[in-house]
Amino acid sequence: MSSPTPDWSALRKDFPILDQQVHGQPLIYFDSAATSQKPRIVIDTLRHYYERDNANVHRGIHELSNRATNAFESARERTAKFIHARSVDEIIFTRGTTEGINLVANAWGGKFLKSGDVILLTEMEHHSNIVPWQLLAERTGAKLAYIPVTGDDGLLDLSKLDALLTRDVKLLAMTQISNTLGTVNPVAELCERARKLGIVTLVDAAQSAGHSLVDVQAIGCDFLAFSGHKICGPTGIGVLYARAERLAEMPPYQGGGEMIVTVDFHKTTYKQAAHRFEAGTPDISGAIGLHAAMDYLDAAGRDKIFAHDQALAQYAYERLAEFKNVRLFGPKTGRAGLVSFLLKDVHAHDLVTVADQRGIALRGGHHCNQPLMRKLGVESTARASFYFYNTRAEVDFFLEVLCDIQKFFGA
Amino acid sequence: MFDDLQELYQQVILDHSKSPRNFRRIEGATRIAQGHNPLCGDNLTLYLVMDGDVIRDVSFVGDGCAISKASASILTETIKGKTKAEVEELFEKVRTMVTTGEMSGSNLGKLAVFAGVHKFPARVKCAILSWHAVKAAVAGEAAPVSTE
Ligand SMILES: Cc1ncc(COP(=O)(O)O)c(C=O)c1O
Numbered sequence: 071m072s073s074p075t076p077d078w079s080a081l082r083k084d085f086p087i088l089d090q091q092v093h094g095q096p097l098i099y100f101d102s103a104a105t106s107q108k109p110r111i112v113i114d115t116l117r118h119y120y121e122r123d124n125a126n127v128h129r130g131i132h133e134l135s136n137r138a139t140n141a142f143e144s145a146r147e148r149t150a151k152f153i154h155a156r157s158v159d160e161i162i163f164t165r166g167t168t169e170g171i172n173l174v175a176n177a178w179g180g181k182f183l184k185s186g187d188v189i190l191l192t193e194m195e196h197h198s199n200i201v202p203w204q205l206l207a208e209r210t211g212a213k214l215a216y217i218p219v220t221g222d223d224g225l226l227d228l229s230k231l232d233a234l235l236t237r238d239v240k241l242l243a244m245t246q247i248s249n250t251l252g253t254v255n256p257v258a259e260l261c262e263r264a265r266k267l268g269i270v271t272l273v274d275a276a277q278s279a280g281h282s283l284v285d286v287q288a289i290g291c292d293f294l295a296f297s298g299h300k301i302c303g304p305t306g307i308g309v310l311y312a313r314a315e316r317l318a319e320m321p322p323y324q325g326g327g328e329m330i331v332t333v334d335f336h337k338t339t340y341k342q343a344a345h346r347f348e349a350g351t352p353d354i355s356g357a358i359g360l361h362a363a364m365d366y367l368d369a370a371g372r373d374k375i376f377a378h379d380q381a382l383a384q385y386a387y388e389r390l391a392e393f394k395n396v397r398l399f400g401p402k403t404g405r406a407g408l409v410s411f412l413l414k415d416v417h418a419h420d421l422v423t424v425a426d427q428r429g430i431a432l433r434g435g436h437h438c439n440q441p442l443m444r445k446l447g448v449e450s451t452a453r454a455s456f457y458f459y460n461t462r463a464e465v466d467f468f469l470e471v472l473c474d475i476q477k478f479f480g481a
Numbered sequence: 458m459f460d461d462l463q464e465l466y467q468q469v470i471l472d473h474s475k476s477p478r479n480f481r482r483i484e485g486a487t488r489i490a491q492g493h494n495p496l497c498g499d500n501l502t503l504y505l506v507m508d509g510d511v512i513r514d515v516s517f518v519g520d521g522c523a524i525s526k527a528s529a530s531i532l533t534e535t536i537k538g539k540t541k542a543e544v545e546e547l548f549e550k551v552r553t554m555v556t557t558g559e560m561s562g563s564n565l566g567k568l569a570v571f572a573g574v575h576k577f578p579a580r581v582k583c584a585i586l587s588w589h590a591v592k593a594a595v596a597g598e599a600a601p602v603s604t605e
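For the protein sequence lines, the chains are W and F, in the order given.
All the letters of the first sequence, read from the start, carry residue numbers 71 to 481 under the working numbering.
All the letters of the second sequence, read from the start, carry residue numbers 458 to 605 under the working numbering.
Since the hints were made in silico from the structure, they are not lab data.
All clues given are correct.
Simulated coverage check for chain W against chain F, where a stretch passes if three residues somewhere in it have a Cβ under 8 Å from a Cβ of chain F:
id	region
1	422-433
2	472-480
Distance condition first, Cα-Cα at most 30 Å in a straight line; then the derived BS3-like pairs of lysine-lysine:
id	chain 1	residue 1	chain 2	residue 2
3	F	K567	W	K477
4	W	K477	F	K576
5	W	K445	F	K475
6	W	K394	F	K475
For each residue, glycine too, the CB sits at the ideal point set by N, CA and C.
Chain F with its partners taken away, still in its complex shape (with noise of 0.2 Å):
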């Protein structure tokens, strides 16, 4: 019956949103962020620790919608040693296919599972949520970053 819906919750993402991956937080992380979407009321912490530029550990708790939630375990997954650089390329990726479904050569490899987003133009903001955060945190900007 929901054929039109696998898309946007594909097992990968259903799996994520109940069993989040390093969903925890981390003493002694050097930088800390918070997305918060007020419309829905997702709000997630990220914790990182960063030697230099690269990103040694990486971990989030929080609450959100699915998307939200199993969006930023897939990112605490992706992220985890690379660096400041590379985690702002991703974000335009990112960025780019969850608002257009475009993501040719982009090799996003098990982010690919949020294509189907664009489709849902309320949801994008759940799904990008983590990665605004990440941004910030990698930047050094120290303010909760919002969605709205």
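Same shape as in the complex, but just chain W (with noise of 0.2 Å):
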């Protein structure tokens, strides 16, 4: 199956803000990881869906109501194949990563999880993937543990785990692709260790899915939640897939409309499987701008953008290396594609706002990962992510600016 290596520069062409100066130098978009950009094809879906088909869903017998309701099922199916579900039945829409999260620890945590419970995490998780657990911790009085990361190289340390893996351990919570360090975790092992030990898992996979392939039966997770937004889709739709097992044993999360099948004035019936946990009208263009973002990606090749990306950043880490005075996060080889870095006495929000200056956007902070910034021993880095628009031209500019950023700060 090797197709040809898609023509990155076309595809560049597909994503209309790309074409734009900022402080009169030309764009360079490297913040992809906190949201990717829309290609042409997305935002025309949801102009035609609005100007053609807008109608609420499931409810109506009319045709838009029809038009809408096929479509957004559609995504649903679409979704299912994307990530490789058994059944279109285990695909719930969210509005995120972060509420797809959030949706298990209530739902599933809130029914299952008791004192004494053990929620193993790691510690280069997103506060998305940190916080939910705190608060279901705090409501049922289970207590939250972490496989350690190594230290700048950004490894999950899994000679730990065997200590970790108690018989109190309930829920493994872990991201695929770490969006500070970039580091790509072995999912799909731990996520079998962790079966032979009857505790169930969560996958994070915001910053994979748009990247690489994303299989869940592969991986073997119980839950796996991402956002749409991030994988060239509209903000505001997310994906929770959950094993139909976990489904079933699952109570509502919120209440409303869409999720039930009849209502009493004291007792509802709710509906099966994924529409149960979709209380509400949901995001319906969100879904179809979704289904056209996959589209979009597949037809490029996941595989083929990973590549690219993952070539971006290994040439990046490897020229800063050269750099006098960098600190570098993460592993040196086998990284997704994104960096982060510290130039010394240069601190990391003098360096975005410099950058931008320059036309290149850049994300300096703690990227949600305070305790991870606690551990490293910094505040903040700052992260060039890359995406499959982004050009090696584009990366030596950078390297440029930060070789005039040094001279400017006399660092």
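Two chains, two separate frames, one set of hints: put the complex together.
Structure (structure tokens):
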């Protein structure tokens, strides 16, 4: 199955936003780990939906409602294929990764976790895969434990795993790709270990779904969450995959319309499977836009996209390593499409401000990873994150600007 | 190449961020105030020795970006010997300057180097952080101030 390498520069032209100047300089967008840009087909799909098909779903008899319902449910089928779920009923539409994790913490965790149970996380989790579990722990008396990160090279210290996988662990939740370190975690291996011990697993695929092939059956997780906006889709739509057995045992998350079969003044019966977890009018246009984004990404080839982004990140990492007074974070090889770094005596915030004046959009800060930052002994890092619309020439210009920044701050 | 940034990062600012003045703890400070900018991790602690309403001595320690460090450093130079009321008045003037660039008739002296900050909305918090902290300190508020 070796399809030809995509024409990256042609694909780049699909992104109208990239064709502009910022502070009088061509925009170089290196913040796709925060949110990706959107190809024209996604923007056009949204416009078409609102101009031609807009109606509420699952409740109308009329033509437009049929169209909207069909498009919405077809997005669910597309999503099931996108992540290789066994059944379309395992796909719940959410607002994003964060809501997906909160849904699991509330609906599944609220029912099954009790005092003394342990929720095992990793030290590289995004706040959205920490705080919902802390809230759950406060409510239930469960405790949190963390798989440590080795240090600046940002790997999970799996030598500690045996000791951490105690009988009390009920849930293992971890990110597939770290948004700060670029580490790609061996989630399939970890899920297999967990499954043998009867531990339920959740994978945060926010950083992986748009770059690499994400296959829930190969990973073997119980839950997997991601956000549409990081994979070329609109903001406001996300996906929670939940294995059928887990779904069947979970009580509803929110109550309202769409999720019911019959409502009496005192008693309600709920729909089956995914719809039970989608109370209220969903983000219909978001799901339809996401469908277009998934088609777009798979036409280019997510395996090719990942290889492209990895190559850019590896190149940037190696060139940065030649700098004097630089501190680099994350693995030396095999990293996903981003680089986190610090230049000595140049605060990340100053670096990002200067880069912005050169048209380069970077991220500086704690990247919603405050515990990890504390562990690494830093307040913040600067991060450049790449997607298939970025080029090596952009990375070269970025490196030049970094040299100038070092000179400017006399570092 | 960096003409447009010279206004933000004036030489005075770079100098103060690299060699901050009054960068020390004061044993026996009568007021201690913390300023924290969670977004970028700027974290400053100010020490004041107050004699009634008058600031006899002031210093700071901490870490942050060039703007926040230079701002704290110049603040310590500026407010020594000033009264609580004068500090509160200065706070308002500095705030106006860094948010709007307006400083006519403000007599801000060296503080005027921060006028360029208003063109960089994301950096206003960095410039004003130490001022929030000192305002809380002279008012006798003990809780750390945060720019969020
Ligand atoms: C690893 C990871 N998890 C979770 C999230 C949260 O995603 P969202 O804000 O779309 O819910 C992000 C986004 O920054 C992320 O990078």
